[in-house]
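*Asks:* Using the sequences provided together with the hints, build the complete structure.
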Amino acid sequence: MNATKSIWRKAFHFILIKPSHYDDDGYVIQWLRSAVPSNSLAVLYGLAKECGENEVLGADVALKVSAYDETNTRIRVKRLAAKIRRGGGRGLVGLVGVQSNQFPRAMDIARQFLAENMPVCIGGFHVSGCVAMLPQLTPEIKEALDCGVTLFIGEAEGGRLEQLLQDAYRGTLRPMYEAPDELPSLEGAPGPILPARKIWRTASGYTSFDGGRGCPFQCSFCTIINVQGRKSRYRSADDVEKIIRANLAQRVRHFFVTDDNFARNKNWENIFDRLIQLREVEGLDIKLVLQVDTLCHKIPNFIEKAARAGVTRVFIGLESINPETLAHAKKRQNRITEYRRMVQAWRDVGTLTYAGYILGFPTDTPETIIRDIEIIKRELPIDLLEFFCLTPLPGSEDHKNMYLRGTWMEPDLNKYDSSHATTDHPHMSREEWKELYRLAWKTYYSPAHVETILKRARRSGIERPTVLRYMILWFYGSALFENVHPLEGGLLRLKFRKDRRPGLPIEPALAFYRKYVADVIGKHAAAAKVWWCHRQIARRISADPVGHSYTDLSLTPVTSGEFEELDMFTATEAAKAAVIRARPSRRVLSAS
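Residues in the sequence shown are numbered consecutively from 4, following this note's numbering.
Rather than coming from a laboratory, the hints here were simulated on the basis of the structure.
Where hints are given, some of them may not hold.
What the hints assert, rightly or not - Listed next, the in silico DSBU-like pairs over lysine-lysine satisfying Cα-Cα at most 30 angstroms (straight line):
#1 Lys501 <-> Lys67
#2 Lys532 <-> Lys579
#3 Lys52 <-> Lys81
#4 Lys234 <-> Lys67
#5 Lys86 <-> Lys301
#6 Lys234 <-> Lys52
#7 Lys269 <-> Lys290
#8 Lys333 <-> Lys245
#9 Lys501 <-> Lys81
#10 Lys301 <-> Lys333
#11 Lys145 <-> Lys579
#12 Lys234 <-> Lys301
#13 Lys418 <-> Lys501
#14 Lys290 <-> Lys245
#15 Lys501 <-> Lys86
#16 Lys526 <-> Lys579
#17 Lys418 <-> Lys403
As the list claims (entries may be wrong) - With beta-carbon atoms standing in for the labels, derived distance ranges:
#18 Cys150 <-> Gln253: 32 to 40 angstroms
#19 Pro429 <-> His527: 35 to 43 angstroms
#20 Arg543 <-> His430: 34 to 42 angstroms
C-beta atoms are modelled at their ideal positions from N, C-alpha and C, and glycine is treated no differently.
*Replies:* Set out below in C-alpha cells:
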C-alpha cells in the first residue's frame, strides 16, 4: 500500500538556495570547499523536511526538498527548472538567509527562475531588516515586488513555512508575508539539519545550529536585535541533543553554534550539562564553536562547563579597545578592564579565541587603529583577530539613522560585506579606509606576531600547531590574496566565465581561462611562500626545549597594578576614565 502510494503521489519541489555575492570583478564568490556553513539553509531544510513528513500539502503530494549553498555549489537555473518540470512542473524556489551584500545576486538568480515561470520567494536579513527599521520600502525591495518575487519577512517557525508552501502549491502566493507581532517559539521546533553530502562541502565539515535567537544588547551596528528581537528565545537541552544525534548519525560531529551570544542563553547550563553527559558518559566526540560576549567569564562555571561540553573555539566581539568608541556604538557591555581576564580564562581551559575588530568608527584615525592593534598584540593573548569595516547594514540602527538623515551610503548593496568602505569617514577617504583594512591584516599577522601566537599556543596547548598555522594562513590569505573576508573564504576559488554580474561583459574564453589559471597559480604561490615562512617559525618553536614555559606580557596574571602600567589602560583619556570606574569593583575582587 505504501509503495503504491509513493508511486502515484504528485510531486512539489521546494528548492532552497543560499546565494553568494559578487567579487569586485563581478564573478560569483565560490569555492571548491567554503568556510562557514549556512544556518539559515539548515533551518529551512529542517522545517521543510518536517512539512514533508507531516504531508502539509496533502496525502497525495510528495514534498521534495533540495538545498544548495552557492558558496560551494554552482547554481544552474535551467537544470533546476527542468528538474521541477520533470516532476510535474509544480514547485517553489526559496532564496534563504539573504544578507544585504547577497541581495543583488539573489535578485539575479530570481529573475532567471521567473523567466522559466518558476515562483520565487526571498527571505533573510536584508528584507526583514529594511521592513523592520525603515518607514518605507527601499527601491530594490519595490523592484523585487514589481518583478513578481514574493518576500518573506521574519522567521519561518510557528507554521509560517507551512502556510507559504500551501499557498505556493495552490498558486495563491502573496506578494509579501509580513512578520507576526510575536516572534515564534523555538522550543520543540524542528532543528536545523542538512544532508551530510552538503555539509562536507565546507572545508572542515562543520554544520550549524542555533540554541537561541535574539540578543538583549543594543549595539547600533547590529541587525540581529532588530530582526530576531532583543527578547531571547531558546531551544531546550532536549532539542539540542536531538540536533546533535541527528548529525552524529550521518558522521558529522563539528558544530558552529550560531547564537549571537550563547552566554545569554538562559538554557546554557542545561545544554552544556547534556553535552557533557554525551561526551563524558557516552564517549561521543563532539566539538563546538561558540559566539560569546566579553563578560561571559563572570558567569559562574560557564567557561569550565563550555570546555567540558566540547567548546574548542570561541568568537568574541571585541570591536575596539577604546571605551569612547564602544560607547558611541552602544556596545556598553564591553569593558576593556575585563578583556585580559576574559581571554586568559578561555586560554586556561585550552580554548582558541577569535575576536572581531571593527575599523572605521567616527573616532578612529589610521594612526589610532594601528596603535590599538599593536597594543592588542602585546597585551591580549588573542589567537586570531579578524577585521571588519564599520558598515551601515540595512536593519541596523546606524543604517536607519543615516537613511533618515539622508547621509550618503554606497548604492551598490553588493559591497555591504564589511570589507568595503560604504560611507564617508570624518578622518579618511574611502580609498584610505580600504588600504587601512589591508594594513590591519598585515600588521596583526606579521611574521613576528605569528611567532608569538604559535609560542603562546604551545604553552597553553591550544589547537594542534599545524591546524593553527593553517587557520592563520586562511585568515591572512583570504583577506590579502583573495580579497574576501575569511568568513567568505574557502579552498580553491572557482570562477565560471558566464556567471558574471549582469551588465558586465562575458570575457572571451581564451582570455578568461588564461587569466583565471594565472590568478590561481599566483595566489597559491604567494600562499605557499607564507606557509613556508610559518613552517620555519613553527620548527624553531618546536625545537626550543623550554618552549612550554614561554611567557610574555599578555600571559601575565591580571593585577590591579596593570591599570597604571599597560598601554590599553593609559593610551586614551577614555581608557583612563574606564579604569577609574572599574576601580571599586577591582578592589573587591582583589580582596577576595
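*Asks:* None of the hints should be skipped; say for each whether it holds.
*Replies:* Evaluated hints:
1. A C-alpha spacing of about 29 angstroms is found between lysine 501 and lysine 67, which places the hinted pair at or below 30 angstroms, so the restraint holds.
2. Restraint check for lysine 532 and lysine 579: the C-alpha separation of about 42 angstroms exceeds 30 angstroms, so the hint is violated.
3. Simply put, lysine 52 and lysine 81 have alpha-carbon atoms about 24 angstroms apart, close enough for the 30 angstroms limit, and the pair holds.
4. In summary, the hint linking lysine 234 to lysine 67 is not supported, as the alpha carbons are separated by about 34 angstroms, beyond the 30 angstroms threshold.
5. Restraint check for lysine 86 and lysine 301: not satisfied, since their Cα atoms lie roughly 54 angstroms apart, outside the 30 angstroms limit.
6. Only pairs whose Cα atoms come within 30 angstroms are accepted, and lysine 234 paired with lysine 52 is accepted, the gap being roughly 28 angstroms.
7. The hinted pair formed by lysine 269 and lysine 290 meets the criterion: a straight-line CA distance of about 21 angstroms does not exceed 30 angstroms.
8. A threshold of 30 angstroms between alpha carbons decides the hint, and for lysine 333 with lysine 245 the separation of about 37 angstroms lies outside it, so the pair is violated.
9. Between lysine 501 and lysine 81 the alpha-carbon distance is near 14 angstroms, which keeps this suggested pair within the 30 angstroms criterion.
10. Of the supplied pair hints, the one linking lysine 301 and lysine 333 holds, its CA atoms being roughly 20 angstroms apart against a limit of 30 angstroms.
11. For the hint pairing lysine 145 with lysine 579, the CA-to-CA distance comes to about 49 angstroms; that exceeds 30 angstroms, so the pair is violated.
12. A threshold of 30 angstroms between alpha carbons decides the hint, and for lysine 234 with lysine 301 the separation of about 21 angstroms falls inside it, so the pair holds.
13. Taken as a hint, the lysine 418 and lysine 501 pair is honoured in the structure, with Cα atoms around 21 angstroms apart against an allowance of 30 angstroms.
14. Among the hinted pairs, lysine 290 with lysine 245 is consistent with the structure: their alpha-carbon atoms are about 16 angstroms apart, no more than 30 angstroms.
15. A C-alpha spacing of about 21 angstroms is found between lysine 501 and lysine 86, which places the hinted pair at or below 30 angstroms, so the restraint holds.
16. Simply put, lysine 526 and lysine 579 have alpha-carbon atoms about 44 angstroms apart, too far for the 30 angstroms limit, and the pair is violated.
17. At most 30 angstroms may separate the alpha-carbon atoms for a hinted pair to count; lysine 418 and lysine 403 meet this at roughly 18 angstroms.
18. The hinted range of 32 to 40 angstroms is satisfied by cysteine 150 and glutamine 253, whose Cβ atoms lie roughly 38 angstroms apart.
19. Roughly 40 angstroms separates the CB atoms of proline 429 and histidine 527, a value that falls within the hinted 35 to 43 angstroms.
20. With their beta carbons about 40 angstroms apart, arginine 543 and histidine 430 fall inside the hinted range of 34 to 42 angstroms.
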